[in-house]
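Peer 1: Sequence:
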Amino acid sequence: DVLYNFSKQCIVNHPACSVILDLNDTIYMKEKLFTTQEIDEMKKEASMNIISRIPQDLADYIDHSNCDNLKDLRTRLADTQDWEKEEYDMSKHHDLDWIKHAIRSYIRLYESGELNTVQKEQWYNKHVWLPTETVFDDNNSIHIVAGEYVSLASALRKNKSRIIESTSAIKRIRSEYKCDMIVRERKANHEEANEFGAGETGIKSSGTKHIVKGGIKLPKVLKDMLDNLVFNNNGSYEGLATFGLQ
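Take any residue in the sequence shown, count from 1 to its spot, add 545: that is its number in my numbering.
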């Protein structure tokens, strides 16, 4: 009721208008919607527990690359690891190989000096975020689609009221927010694929565009994805969650 009443007062599109409760949103305190104690209580009640930790071999390999200069880091990368002495098996070695490839890619990017130059957002998508697109290559169930794609879950919500023509013409398909990255179920028929997360990039971590993407756009898309997952899970939300990257 508190969220609903607040949403009726909003003069702009706020997450509350989509029944999204962001417990880190300082507007709740500013508008005296909740007390500090109430927010802390809700955080404890709705806490998210990480189901699995990074495997120890991955954590050790990441720690092995913990250097404070590029020369030492290149030397560490050149060290032949035990897993590299074995015949490559994607089911066993993919994550280790991905980490090594990602670090090497970022070293080359850093050494090029291009990070010191002001770039367009698309440049960051192609260079800085590129390694993330292949992180699920060993998973036959999910994959990442990148490059300003519309969430299927958001599109379904936006167009669920479309009906056939009668006394009026059929409504045009309405488009929703586009995301720089979407984690989607790998299916031949993409229209029926579940979605599990989304990512948004930006040139700066401040400014109006960053606030809108992270505070309004991304939460709304993630809620649409979660609603669709719950629907496809016979209405049960137990153990379901979506995640966002920014």
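No wet-lab data here; the hints were simulated from the structure.
Predicted, not measured: the structure shown is a model, and the values here were computed from it.
Treat the hints loosely; a few may be bogus.
[What the hints assert, rightly or not] BS3-like cross-link-like pairs, simulated, lysine-lysine; straight-line CA separation at most 30 Å:
1. K645 - K732
2. K671 - K588
3. K665 - K577
4. K589 - K671
[Stated by the list, open to error] Taking CB as the label site, the calculated pair distances span:
5. L566 - W668: 19 to 25 Å
6. N569 - R653: 52 to 58 Å
7. L790 - E590: 21 to 27 Å
Note that CB positions come from ideal geometry on N, CA and C, so glycine has one too.
Peer 1: Now tell me if each hint is right for this structure.
Peer 2: Hints and how they fare:
no., hint, result
1, K645 - K732, "holds, 29 Å"
2, K671 - K588, "violated, 36 Å"
3, K665 - K577, "violated, 39 Å"
4, K589 - K671, "violated, 38 Å"
5, L566 - W668: 19 to 25 Å, "violated, 35 Å"
6, N569 - R653: 52 to 58 Å, "violated, 36 Å"
7, L790 - E590: 21 to 27 Å, "holds, 25 Å"
Checked against the numbered hints given earlier, this structure breaks hints 2, 3, 4, 5, 6; the rest are met.
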